[in-house]
Amino acid sequence: MLALAPDAPSLRAAQPLASDRSWPVTGAADDSALWGQCRGSAAAPYRTVVDLSGPAYRCSCPSRKFPCKHALALLLLWSDGAVATNGAPPDWAASWIAERAARTSGPENPENPKPPADPAAAQRRAEQREARVATGLVELDRWLCDQVRQGLAASQRAGYRHWDDIAARMVDAQAPALAERLRALAAVPYSGAGWEARLLEEYALLWLLAAAGRDQAGLPAPLRDTVRSRVGFTVRQAEVLASATPVRDYWHVLARRDLDQDRIRTRRVWLRGRETGRAALVLSFAVLGQSLDDSLSVGTEVDADLAFYPAAVPLRALLATRRDTFPGRPPPGDTVTGLLAGYAAALGEDPWLDTWPVVLQAAPARAPRPSLYDAAGDAVPLHPGAGDCWPLFALSGGDPLTVAGEWTPRGLWPLTAWDEGGMVVPL
Amino acid sequence: MSTWHDLVTASLIGTERAVVPAVAIPGLPAAEDDTGDPAAVLLDRAALLTAARRAGRRPDRAEPVPVCEPDPRPAVSQAAAIRLAGMLDGEHPDLLTEWLTAVAARGLQPPPQSLPALLDRARRAGPKAAVLRHLVAEAGGPRARWLAGLNPEWESVAAPALAGPDAWRLGDTGQRRGYLASLLASDPDAARELIAGSWGAAGIADRVMFLSVLADRLDPADAPLLEGALDDRPDVGVRDWASYLLARLPGSALGHRMAERALRCVRMEHGARGPHLVVTPPTECDASMRHDGIVPGPATGRSQFSYRAHLMCQVVARTPLRTWTDEFGLTAVQMVALGSGDWAPVLFTGWTRAAIAQRDHDWMAALISQALTGRLPGTATEAEALGLLARRADPALGAPDTLPEPGPDARTLIHAAHDLLRFRYDMLKELDDDHSG
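Chains A and B are the protein sequences, given in the same order.
In this text, residue positions in the first sequence follow the working numbering: the first is 2, and each later residue adds one.
In this text, residue positions in the second sequence follow the working numbering: the first is 35, and each later residue adds one.
Among these hints, one or two may not hold up.
Chain B stretches covered by chain A per the calculated footprint, using a threshold of three residues with CB under 8 angstroms from any CB of chain A [as the list claims (entries may be wrong)]: (1) 80-92; (2) 98-107; (3) 148-156; (4) 171-183; (5) 207-214.
Per label pair, the in silico range of CB-to-CB distance [unchecked claim]: (6) A/L53 to B/T43: 21 to 27 angstroms; (7) A/N87 to B/H310: 49 to 55 angstroms; (8) A/G378 to B/D435: 43 to 49 angstroms; (9) B/P108 to A/S96: 49 to 55 angstroms; (10) B/P108 to A/R258: 31 to 37 angstroms; (11) A/I265 to B/A193: 43 to 49 angstroms; (12) A/A132 to B/D71: 22 to 28 angstroms; (13) B/A414 to A/A287: 35 to 41 angstroms; (14) B/G198 to A/A287: 57 to 63 angstroms; (15) B/T407 to A/D261: 42 to 48 angstroms; (16) A/I265 to B/A414: 40 to 46 angstroms; (17) B/A430 to A/R258: 39 to 45 angstroms; (18) A/I265 to B/A430: 44 to 50 angstroms; (19) B/P108 to A/D263: 54 to 60 angstroms.
Since the hints were made in silico from the structure, they are not lab data.
Yeah, the Cβ is synthetic: ideal placement off N, Cα and C, and Gly gets one too.
All chains, full assembly: derive it from the sequences and hints.
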């Protein structure tokens, strides 16, 4: 529960409020929702509601923290057993809970579109989309050839518009994932020395994707799923939960990374199964300012069933069933050779894979460039975008330590380390 | 891989002008369909090579960095580590020195992952923040010195401390201060001689430093030096320090002079609603007041006191606090509770400055309690005084149920002072709680 706090100060602020004195009214409906009125500095008491299924919060206080201290205090009270289960919520709580229930299952949630009302019309729309995407892929092919024909030096001079235009055409062609990939390319010419090689790699991989997208029928099913998701076809959560065979394991929560794009914050949580050794990626999203899913806290182990999205290298997964959470020990760390071999094997299945979770047992070095090297002296560079990584150096003191992060073609992006006492340290 | 390089060069120029180089990948047959659009051929080959290069990547080599010498000190608790991260993130950053002082005093080791941020903070603070730099170097220990070896930007912070008389002769202000403080602890007479001998040639900054060191171990033997400092050139900083320190010394001549001035201005009357204070502030700043460190004219900074109120406040601030309790036969708590009409803010601010300078925790506690429960601070100077009190008062006041909880309609300011005391209390308690890490 403490992991739900947005930061340490809010939690500290909540603790003094977690007493009966501050809460003349509290209640709970089974294990689904809590509500209460908290005496605050304003004349009217604050009204706080927590939907435990999210969890999601609503409070009438002016705090911009999310969850605010009142919601946290209410949760603290509840976890102490000080909130009685007393049936129906008052109107002000009930209306929000109902509204939320409607929203999470309603059509506004892109992950859960409503089942189509008219199967024939849906079929027609699906076919239309396939045709649009196919046309889009032909157009992308032509565009890529144009780039290489005119030379990449020209596209560097062209500016952001250059990629925005083709990205917009991919949106029209209903291939949103391609559009996003193309939009991201605008930054490549400004990414430092070697940009032309990186741009050519990206163009070449898009070329390969377009070719695979046009020839879906000739692909084995898992690779077809990968190609379709990289083009922008989504699979509904319900479908994943219904069709995937759940994988049960003690999932070590290795690392977490939040990325902001277009006012949406995406949270990537990387897991690794203790028994199966499988890697998994749990994504969550929030509009900027809203609080992201905090239920998986880095360093712990979670006994859970994961449902994997179908893919050639299944990584993305949903938590189908969650049981207990344990304080985790440092995960076993790989060698550099092991890391590279693991990534190579995954590339063999999915050549577009460019973010791969790894755990290394290694010491940091600064020359010839910031790197991590293992006991055999083998090294991998740190990602230039990750900055100086001084906290990682400071934590190691020059000795090897366990580091988890994302491996990419540009290097390793360190996200978590374990200190010599085995304590987890987010970087 | 030069084939890849050639391919990149061709793509940069464009296939309109450049020839697409042939690509050979070990273990794969040479491509045959080279007859199509050269651009398509190039992209085909680049795709193949991209996958092959990513999958076939070899490990690099790296130059190991020297290993840091071990730090025998126990680590602070995880709660303390989290709090430090929060402070570095902007939560009460002004309490960092108090945290570091407490960590160093307890012989604990701060969390290594926060050292880079601490070193950066101390470096950016510049030479004026000598105390912060020394605290970071001391608390940071061998790990901070090791980091400074890797990043020259931090060298100035974590440079090995000069020891003994070298620190005095060659060190910066911070190192000289450290030497003087330890000499004062081990051989007070020698330290006083050193100050007296260096006084004449010292600049203002050094003189202020001398006095700030004396402040930590003030002794009646310091009175002659301090009285002499009042006769100094009118360097406001030096006189200020000297007059505040003299007010703290029992039986000092300045203390007597100030007490007389103060009691000429404040008397107690018994009205219908009980006793209250009647204030008649000084009308002008005469030569003897100036000599005792009082500055005429509007206060610098944000003060909105009128000329006379400003003089009154300065007199109260330099008056030994026992003057009040002795004269009126009341405790500090009873004193601060007395009504004084429009002069309440002036007395509150003056008493606050006096309590902080004289390190009188009874008065600080009385003033804080008064501010939290009764009369709320109204003016900006009062607010500032309350903020100072919350920073300087004994952090034990922040323990749960020690001070009254601010009421629901208390102003933000009151809540802030209350929270700040609680924060300091928790911060220090965490350091005593658990050192197992």
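The hints, checked one at a time:
no. : hint                                 : in the structure
1   : 80-92                                : holds (count 10)
2   : 98-107                               : holds (count 5)
3   : 148-156                              : holds (count 4)
4   : 171-183                              : holds (count 3)
5   : 207-214                              : violated (count 0)
6   : A/L53 to B/T43: 21 to 27 angstroms   : 60 angstroms, violated
7   : A/N87 to B/H310: 49 to 55 angstroms  : 53 angstroms, holds
8   : A/G378 to B/D435: 43 to 49 angstroms : 59 angstroms, violated
9   : B/P108 to A/S96: 49 to 55 angstroms  : 53 angstroms, holds
10  : B/P108 to A/R258: 31 to 37 angstroms : 32 angstroms, holds
11  : A/I265 to B/A193: 43 to 49 angstroms : 46 angstroms, holds
12  : A/A132 to B/D71: 22 to 28 angstroms  : 25 angstroms, holds
13  : B/A414 to A/A287: 35 to 41 angstroms : 40 angstroms, holds
14  : B/G198 to A/A287: 57 to 63 angstroms : 58 angstroms, holds
15  : B/T407 to A/D261: 42 to 48 angstroms : 45 angstroms, holds
16  : A/I265 to B/A414: 40 to 46 angstroms : 43 angstroms, holds
17  : B/A430 to A/R258: 39 to 45 angstroms : 42 angstroms, holds
18  : A/I265 to B/A430: 44 to 50 angstroms : 47 angstroms, holds
19  : B/P108 to A/D263: 54 to 60 angstroms : 47 angstroms, violated
The earlier numbered hints that this structure contradicts are 5, 6, 8 and 19.
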